[in-house]
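S.K.: Given only the sequences and the hints, what does the whole structure look like? Please build it.
Protein chains: 2
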Amino acid sequence: MQNTLENLIAANANFYKALASGDGHLMRQIWSDAEDITCIHPGWGPVTGREAVMRSWETILESPPQINCTEPSGYISGESAYVIAFENLGEGRLIATNVFRLEFDDWKMIHHQAGIARPTPAPKNVDKTRMH
Amino acid sequence: MQNTLENLIAANANFYKALASGDGHLMRQIWSDAEDITCIHPGWGPVTGREAVMRSWETILESPPQINCTEPSGYISGESAYVIAFENLGEGRLIATNVFRLEFDDWKMIHHQAGIARPTPAPKNVDKTRMH
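One line per chain: the protein sequences are A and B, in this order.
First residue of the first sequence: 1, per the numbering used here; consecutive thereafter.
First residue of the second sequence: 1, per the numbering used here; consecutive thereafter.
Possibly wrong hints are sitting among the right ones.
Not everything, but these chain A residues come out facing chain B in the computed CB check (under 10 Å) [as the list claims (entries may be wrong)]:
1) A20
2) G24
3) T38
4) P46
5) T48
6) Y82
7) L89
8) L94
9) F104
10) A114
11) A117
If you want the ones that stay clear, here's a sample from chain A, every Cβ over 12 Å from chain B, calculated [what the hints assert, rightly or not]:
12) E6
13) N7
14) A11
15) K17
16) H25
17) L26
18) R28
19) P64
20) D106
Simulated from the structure, these hints should not be mistaken for laboratory data.
Here a beta-carbon is modelled for each residue, glycine too, at the ideal position from N, C-alpha and C.
M.R.: Following this line, the structure appears as structure tokens:
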């Protein structure tokens, strides 16, 4: 793999594949092995360090969420990158920031934050006839 | 300035100073001038590009929030970095990911996501007598 946007989006897709299928082995591969990794699950405080982050995913993967990722957008700065994407969970919708780092030519996840999303910015005087 | 953790935390503090004081000039300085910047305000969809991101802050800075940042933790990978921190707003508490990039020896913000936080991870069987 190389430092390309295509590979970044593929790494991001693998993360959601691991999450939706409850694949802990894949999840451990997707994340960096380094200690300086962090995670903010929706409504949680920060989880820091490889062991704690992996343990948090193990807990979540015991009941894999019905999740799919849409509209991923990737942004690369040298050997670092992040993806912002929607996470669709049944009727709910989250939005996430997934931070990656190039390690031995692979994009490895080093941070994830997900929170509640609305599909579009909420202006003060919205014309609801234009909303879908 | 240089690529140090101290300077990263200082850049992060400046962001909250601009936000709390409604200082649009400082806010424009804190963010990268580049086009590849993004922002996820709580409950919004993603805002992308310099003009749209700055416009979103102008709207917010019309009524500056009573906000202060606590427990910032910085993580540097070469010329990229991110800070996770709590944002305290009166009785509410958010948690944020702030992504920075080193540009001409300055840490410039390139992405921000804030969402609702709890102070600690939420286990399944919580002893509520121990919660504050």
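S.K.: Now look at each hint and say whether the structure bears it out.
M.R.: Each hint, compared with the structure:
no. : hint : result
1   : A20  : 21 Å, violated
2   : G24  : 18 Å, violated
3   : T38  : 6 Å, holds
4   : P46  : 5 Å, holds
5   : T48  : 7 Å, holds
6   : Y82  : 6 Å, holds
7   : L89  : 15 Å, violated
8   : L94  : 9 Å, holds
9   : F104 : 14 Å, violated
10  : A114 : 8 Å, holds
11  : A117 : 6 Å, holds
12  : E6   : 17 Å, holds
13  : N7   : 17 Å, holds
14  : A11  : 15 Å, holds
15  : K17  : 22 Å, holds
16  : H25  : 23 Å, holds
17  : L26  : 23 Å, holds
18  : R28  : 19 Å, holds
19  : P64  : 16 Å, holds
20  : D106 : 14 Å, holds
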